[in-house]
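Chemist: Based on the hints, put chain B in the right spot on chain D.
Protein chains in written order, with UniProt numbering: chain D, 1 to 596; chain B, 1 to 596.
To be clear, the hints were calculated from the coordinates, so they are not data collected in a lab. A portion of the hints provided could be inaccurate.
Where chains are identical, the list cannot tell them apart; a pair therefore holds if satisfied intra-copy or between any two copies.
As the list claims (entries may be wrong) - Calculated cross-link-like contacts (lysine-lysine; reagent style BS3-like; alpha-carbon spacing at most 27 angstroms):
id, residue 1, residue 2
1, Lys460, Lys489
2, Lys460, Lys576
3, Lys102, Lys87
Quick caveat, the model's predicted, so the values are computed rather than measured.
Number of protein chains: 2
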Amino acid sequence: MNISERLAALRREMEQESIDIYIVPSDDFHQSEYVGEYFKARQFITGFTGSAGTAVITKNMAGLWTDGRYFIQAEKELAGSGITLFKSGEPGVDTIEQFLEKELPSMGVIGFDGRTVGVNTGKRYAQIAAEKEGRVFYQADLIGRIWNDRPQLPMGKAFLLGEKYSGENTTSKLQRVREEMKKVSANIHLLSSLDDIAWLLNIRGSDIAYCPLVLSYMMVYEDHAELYADEKKFPEKVLNELKKNEIFMKPYNDIYAAVKNINPTSVILLDPERVNYTLYQNIPKKAMITERENPEVLMKCIKNDTEIKNTKKAHLKDAVAHTKFMFWLKHAAGSDDIVTEISASDKLESFRAQQEGYLGASFAPISAFGEHGAIVHYSATPESGVTLHKGGMLLTDTGGHYWEGSTDITRTVAIGEISQREKEDFTLVARAMLRLMNAVFLHGCSGANLDCIAREVFWKERVSFNHGTGHGVGYLLNVHEAPINFRWKEGNIPAQVLERNMIITDEPGIYIEGSHGIRLENELLVCEDETNEYGQFMHFEPLTFVPIDLDALLPERMTEEERDMLNNYHRSVYEKVSPYLNKEEQEWLKQYTRPI
Amino acid sequence: MNISERLAALRREMEQESIDIYIVPSDDFHQSEYVGEYFKARQFITGFTGSAGTAVITKNMAGLWTDGRYFIQAEKELAGSGITLFKSGEPGVDTIEQFLEKELPSMGVIGFDGRTVGVNTGKRYAQIAAEKEGRVFYQADLIGRIWNDRPQLPMGKAFLLGEKYSGENTTSKLQRVREEMKKVSANIHLLSSLDDIAWLLNIRGSDIAYCPLVLSYMMVYEDHAELYADEKKFPEKVLNELKKNEIFMKPYNDIYAAVKNINPTSVILLDPERVNYTLYQNIPKKAMITERENPEVLMKCIKNDTEIKNTKKAHLKDAVAHTKFMFWLKHAAGSDDIVTEISASDKLESFRAQQEGYLGASFAPISAFGEHGAIVHYSATPESGVTLHKGGMLLTDTGGHYWEGSTDITRTVAIGEISQREKEDFTLVARAMLRLMNAVFLHGCSGANLDCIAREVFWKERVSFNHGTGHGVGYLLNVHEAPINFRWKEGNIPAQVLERNMIITDEPGIYIEGSHGIRLENELLVCEDETNEYGQFMHFEPLTFVPIDLDALLPERMTEEERDMLNNYHRSVYEKVSPYLNKEEQEWLKQYTRPI
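Just chain D, same shape as in the assembly (with noise of 0.2 angstroms):
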């Protein structure tokens, strides 16, 4: 079927169920960041294939919402499909809501599967139509009965995390959670992020790509829990496991039955920004929901003294692996052996996969020449890929999740004699960078009071950068991980304190459209400092060692102080990665670890 043909066939469906208007949402039913092909059911009905995005279909038209960073793919994919693209964001283009005000008819009905919406969008779409005196269908998976060679679920195995890996048990962490439960009266924690789940259980998986989860949700009870979820993914071994917790399996789908089934008197927490609209509609309408963010959401973010240590390891690991591509990269790009992109993406990769306990990327590399550079979200394929050459800088933001955690690192590299433009606005990141990682704070501050340091350097010279400055990163868990970030933006949020032993990165950039981008990535530890009659100091230590290139840098537009920053930190690095170096890898480390 083209995408007509799917279209009418939807069109079919919507007509026998009195549809006016339906929605399909890129999201999967846990409102993950990646989505496994099974929920690819936005790409399915339009063509486009980037990772945001929303279709909404009615009985004579067919729109697509997608943001800035993928206006111009989506043009090219929609291009003969009658799709109408709308630019969101852009002036006078209507939002989905907006959209659905205006065209629903009076007692009209929206159509979606509840199970890819959110709480909280769900709640919007079903006030739209209250206003018009119409109502929503939300149990309408309209597009899984059209499509026919739909992708089966994943069948990834899961695995368990064993203590010497994740330093807390899954007894200990169930009672902190039920303690947690206690103080807000709940008698049952209904769960579907799977990061959250996968904590909890201390177990991972490989269902979604890059992100080593289970598909599952799960329903923790005073006594016991249920993990709803395919009992074929789960070895023998981790069966027992569960079971010594009184954890019991379920199948997947049985979720939504068993909601409908909550005993009415009881009380429920559930984090509506973490429950999709269709599990939240069958609780019943009796029992007492709390709505709060899910206790598991701080409690793996504050890693434990077993989990850093162990990051520390794995930090130190990519590190060698990523100092090792440096120097391949500076002596190979741009010499007579040709490196594109992707070949250097790959390079990056193999020394990866060359040290022990190494599991696979952490995220989609960028790899980015030049002008790609300034493409914040720039993929790079065997069409667009360029080969390196001399006069430019590849960008590469990657990360590795190793038994010993996940990590993220971007680095910018000059291949050979770069601009002075180039150099200005690397020095820029560099010192935008080194100045936040040496921040000293009191506790109780957020990333939205710090982001300042970084942005206060870019903010003199009148340029910024379009996204944020940092985000936690999981433990062998998504590389994005709430709910600390720096964004100075916080909206009505009131941000998280950071706390001990919690991971931040620290990634300012800068991106020329056209020319180049530049993005210096360091994964930071939040640590205690001095006490005294001020309060608790705190500070950051770095996690990530690997060299900022000094071919890039400009010394002399650094103060004193940026300097010692950047010889303090050259100097760890030196010190950390050159044992486990070759002879002339060593030497040109001490070379690019210089003090200046």
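Modeler: Here is chain B on its own, set in the frame of chain D:
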């Protein structure tokens, strides 16, 4: 009557009204920062004269809650009264609410004058009573019954602020407020914050020390308004102006009956932070209340161009007065002339009084020498005041009201040679103040984002200060004006974005108990800077032009950038102020604004 007799009289009244616990706060009926003599009920019943504190009286005990600023003073003043001091914030000390929860008997009654209690506090008291199946009796002004020689309500004259000074007439302001009412479908806007009323009506008064305000309430309707205040305060001219805008005078206390008589079909816009509990309770239960910040709060915070032009004039006068004072101080103090904290303060006041259009001090002046500088809220008295001598610093935090606006400035000046430690601390404070003053930022930043720019240099040295780095300043109104500030700890309230034409202070400080205190404070104007593809950049422009004492500064402790900031600032100081000085003062200023 002594305190014991007053407490006995109060307890007789409590018994008559069946009140178990009676609460006496420090507030007037308008949540004002400073209160007139009439409202000092808490002082009357306890003898404690500090500005902050709450008395709680039961049948057999009386307690006073106050904060760290006042522990020593309260201990002294309460001695022998039998009143227990509760040190708020100290470990193990119950809050008033915890005390009420413990002490209120079943079905007990909490009494207070609801006019002196904010809406949210009143609601919490009612909640505590309800949990004991008791109630609050908030109509009980028992102090009024026993305070025979209670001072009269102030009778300060009201006066008009012409458009030449206000920059916008009341007709226009009322129109803008009514547009905001319309947005939330309100047909009544109930106001009791004195500065909001003064701003809206372009009137000023003299009912409260340091605050040019008129005791009043207001109800704004769609087509007219009612002002509840003592008509005798208003000259004919002012009354005529009010009438022109369909604003009708009503007796001050009639507001309570008027609110009771509000049409129950009304929608009332009010600010629960700026309305007292009795007013709120008097609103008919069937009427709808829309709670949000008074629209006047943001409107008056964003000064208009006339106000800015005038404010610059006021600050120039203030700078001339303050520079003359510094010249005098540097010559007089520590010489044969005897200069005390109080005489120095009087001298500064006399220099201000020489300026045209000066109306008086904008707050109680702080003049603190040597170790007194470390007491943030120090107020010199004939008993405490010391004589200045060489080898110490005088901290003055003072300000004036002018027809052209209000000022707030702090300088710390070395008398003779000071210690290396004092110079190091002074330099740290100067660096922080200058860095924040020179910040560039993207529109959208709040003071919570930017505070770290000043704090960062402190935190690097593991020191801090326990007050905000800045606050908004009113225009011939309250010198502490909501809703802007520089405070990294903002709690749950989303901090106000800094907009063009807002005025905010920049006043870091360092306080070494028993030794010295240093604070430097400039007022800053929020200005628009370049707009480019990254957005609208903003910067600050100083309004205050008084030298930073170079005798106390260690230039070698500053970065080149920071020295440039100081030199640029001092160049402006000399350019602006020197034309108004005599030859001798000019030469002195030249020397004290020399480049370093």
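Chemist: None of the hints should be skipped; say for each whether it holds.
Modeler: Here's how the hints hold up against the structure:
1. Lys460 / Lys489: This pair counts as both: shortest intra-copy Cα distance 18 angstroms, inter-copy 25 angstroms.
2. Lys460 / Lys576: The answer is between: 26 angstroms across copies meets 27 angstroms, while 35 angstroms in one copy does not.
3. Lys102 / Lys87: Within one copy, since 17 angstroms is at most 27 angstroms while 59 angstroms is not.
This entry satisfies every hint, going by the numbered hints stated previously.
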